[in-house]
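Trainee: Protein chains in written order, with my numbering: chain A, 60 to 401; chain B, 60 to 401.
Worth double-checking, as some hints may not be accurate.
Note that identical chains are pooled: a pair holds if it fits in a single copy or bridges any two copies.
[Said to hold, decoys possible] Listed below are the simulated SDA-like cross-link pairs for lysine to any residue, each with C-alpha atoms no more than 25 Å apart in a straight line:
1) K368 / R400
2) K369 / R323
3) K302 / E92
4) K224 / Y395
5) K369 / D124
6) K203 / A340
7) K291 / S99
8) K96 / R82
9) K203 / R386
10) K206 / T249
11) K206 / L229
12) K369 / Q397
13) K337 / S394
14) K302 / G104
Worth flagging that the hints you see were computed from the coordinates, not collected in a lab.
Keep in mind it's a predicted model, so treat the numbers as computed, not measured.
2 protein chains.
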Amino acid sequence: GAAPAIVSAQPAIRWRCASSFPRALDTIYGGAEVFAKFVSDATGGRFQISVHPGGELMPAFGVVDGVQAGTVECAHTCAYYFFGKDDTFAIGTAIPFGLNSRQLTAWYYEGNGLKLFREFYDAYNIVNFPCGNSGAQMGGWYRKEIKSPADLQGLKFRVGGFAGKVMSKLGAVPQMIPGGEIYQALERGTIDAVEWVGPYDDEKLGFQRVAPFYYYPGWWEGGAQIDLYVNKAAFNALPNEYKAIVTAAASHAHTNMQAMYDVRNPQALKRLVAGGTKLEAFPRSVMDAAFRASMELYKELNDTNPRWKKIYEDYAAFRRDANLWFRFTEARFDSYMQAARL
Amino acid sequence: GAAPAIVSAQPAIRWRCASSFPRALDTIYGGAEVFAKFVSDATGGRFQISVHPGGELMPAFGVVDGVQAGTVECAHTCAYYFFGKDDTFAIGTAIPFGLNSRQLTAWYYEGNGLKLFREFYDAYNIVNFPCGNSGAQMGGWYRKEIKSPADLQGLKFRVGGFAGKVMSKLGAVPQMIPGGEIYQALERGTIDAVEWVGPYDDEKLGFQRVAPFYYYPGWWEGGAQIDLYVNKAAFNALPNEYKAIVTAAASHAHTNMQAMYDVRNPQALKRLVAGGTKLEAFPRSVMDAAFRASMELYKELNDTNPRWKKIYEDYAAFRRDANLWFRFTEARFDSYMQAARL
Numbered sequence: 060g061a062a063p064a065i066v067s068a069q070p071a072i073r074w075r076c077a078s079s080f081p082r083a084l085d086t087i088y089g090g091a092e093v094f095a096k097f098v099s100d101a102t103g104g105r106f107q108i109s110v111h112p113g114g115e116l117m118p119a120f121g122v123v124d125g126v127q128a129g130t131v132e133c134a135h136t137c138a139y140y141f142f143g144k145d146d147t148f149a150i151g152t153a154i155p156f157g158l159n160s161r162q163l164t165a166w167y168y169e170g171n172g173l174k175l176f177r178e179f180y181d182a183y184n185i186v187n188f189p190c191g192n193s194g195a196q197m198g199g200w201y202r203k204e205i206k207s208p209a210d211l212q213g214l215k216f217r218v219g220g221f222a223g224k225v226m227s228k229l230g231a232v233p234q235m236i237p238g239g240e241i242y243q244a245l246e247r248g249t250i251d252a253v254e255w256v257g258p259y260d261d262e263k264l265g266f267q268r269v270a271p272f273y274y275y276p277g278w279w280e281g282g283a284q285i286d287l288y289v290n291k292a293a294f295n296a297l298p299n300e301y302k303a304i305v306t307a308a309a310s311h312a313h314t315n316m317q318a319m320y321d322v323r324n325p326q327a328l329k330r331l332v333a334g335g336t337k338l339e340a341f342p343r344s345v346m347d348a349a350f351r352a353s354m355e356l357y358k359e360l361n362d363t364n365p366r367w368k369k370i371y372e373d374y375a376a377f378r379r380d381a382n383l384w385f386r387f388t389e390a391r392f393d394s395y396m397q398a399a400r401l
Numbered sequence: 060g061a062a063p064a065i066v067s068a069q070p071a072i073r074w075r076c077a078s079s080f081p082r083a084l085d086t087i088y089g090g091a092e093v094f095a096k097f098v099s100d101a102t103g104g105r106f107q108i109s110v111h112p113g114g115e116l117m118p119a120f121g122v123v124d125g126v127q128a129g130t131v132e133c134a135h136t137c138a139y140y141f142f143g144k145d146d147t148f149a150i151g152t153a154i155p156f157g158l159n160s161r162q163l164t165a166w167y168y169e170g171n172g173l174k175l176f177r178e179f180y181d182a183y184n185i186v187n188f189p190c191g192n193s194g195a196q197m198g199g200w201y202r203k204e205i206k207s208p209a210d211l212q213g214l215k216f217r218v219g220g221f222a223g224k225v226m227s228k229l230g231a232v233p234q235m236i237p238g239g240e241i242y243q244a245l246e247r248g249t250i251d252a253v254e255w256v257g258p259y260d261d262e263k264l265g266f267q268r269v270a271p272f273y274y275y276p277g278w279w280e281g282g283a284q285i286d287l288y289v290n291k292a293a294f295n296a297l298p299n300e301y302k303a304i305v306t307a308a309a310s311h312a313h314t315n316m317q318a319m320y321d322v323r324n325p326q327a328l329k330r331l332v333a334g335g336t337k338l339e340a341f342p343r344s345v346m347d348a349a350f351r352a353s354m355e356l357y358k359e360l361n362d363t364n365p366r367w368k369k370i371y372e373d374y375a376a377f378r379r380d381a382n383l384w385f386r387f388t389e390a391r392f393d394s395y396m397q398a399a400r401l
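Generate the whole structure from the sequences, applying the supplied hints.
Mentor: This is the structure:
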């Protein structure tokens, strides 16, 4: 039961969180709001974090600079947007043929992931926390069918940053187009294909109206993690209680975002298919070509970037063991259930 | 930045948490310790929860009674141990051919799971929180091969509670034996087979020395959740800040336990196989017979237990949609990775 009250002094703190996402993406943007609400609730409103959509405080892809400089105390973003600074960032979110959602979380929490990335981010004044995952993304919307690697030659494909390096090796032409302009580019044929996230988010952008073929899997994003980046000085200035609250609130938001996607995607998929979308699996030949190109890229990066090599080697060993284990009881259970008449 | 300190009064609170698990199971027992540590850290040590192994304060399977009566403020346990009170408890942990770990979390957090179970547990003075998951468990250790449903006839099988109902329908003879006595029973042939958890936990009990065949999947536990049960009056007496801290700390422990298993199981599996354990998949005929028996049981429970029916119908609809979605991009990505040369 409750003992007599103890008087304690806790500081009132206000932080700003710069999101890289638009408010309309309630799943991915919402993760930062779930986080901020828990921090506020756990501190009786004494620690308030206001969440700002991409572009409001700084450009959506300027948030690493913002946190590094202390312009904002924290940001909610995807590490792989920043592969231009260092390819190592990409591992933090998803790399082609990488870990799935559950495996990536395990590597961060109980493997070496969090430890290694804390070291890496130190140079950017960042303390990172896993704060969301989309699960395995879809392979995107295509105006024409993809029957072999030859169909990727010259394909103008809107695809997120780092994966474009593999697409280029396959002969495709990666395009960087902001979210708000993709639909029109696809409708006019300025681009041939686009990948975004999965059924729930994609449906909102309306791609199903201008591209009939919806491919899977998104082999470049088997489980894309979203991160909370906290400015190191701001974090270190927190009382220990608040540090623990930030950590647990980020964990809650991390798991809750995956749950949001897992609840919303099935309903959106059913609506899309009912509306005429054609679900297609990438042919084996395309998967194999992409796998080879990815492993070639990783070898190049191992040879040229010691920061990449240090993290990738640990990640790759974990990936090998995780898939060894998952192929038995997890895969057998899931495949039986997926084929069952439920 | 930090504003001037505000004086606030927070009560000092001490709770006891009765675990149903022995301390030696560091993964599953450890989940309660992770939870308690976060609560302590987030409150500067003002809210202390001591964790007690099964049997220390009350019998391992007496913890629902203990929380209901307020003998302890909280417990860390598996709901399905209590199916003798009401079969509905089983859904809270795992039922044969139920949801996998990620799906169950999604159903609890963002589907109707938590809401429905909060209503159900109200009669037991319990406020529940997901607080761990083992992932898909293995199908257990067998002295002889299982080649068809006929091999289950008369099989003396040590199996956790509710799944025994399906085993009985299949002709097996379920045995309830405490953890500490299983090894000897299997060695002497008093029982023919035993299921426990998975490689990491099973290896500690040494079953590999007395039964050569290790089957998968554990179709009765596709993702077994562990719960934190809090006495309703104790929870309601907490300040709102502490309620939020308990919730976020439970979420952190929930996700962290799955990560613990996912990191430890692959290493244990490799050791077991290197030591001669024979990994075998249950034949399709056994899976199909078990699936039919399970669905028959659920129909009987729907017809006789309105509390079961209310929760199971929501759960089953979620299971259908979740597997519809998971069979595309998640399954295709995972199966490619599991077959790849990594």
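Trainee: When the hints from earlier in the document are held up against this structure, which numbers fail?
Mentor: Hints that this structure does not satisfy do not exist here, as all of them hold.
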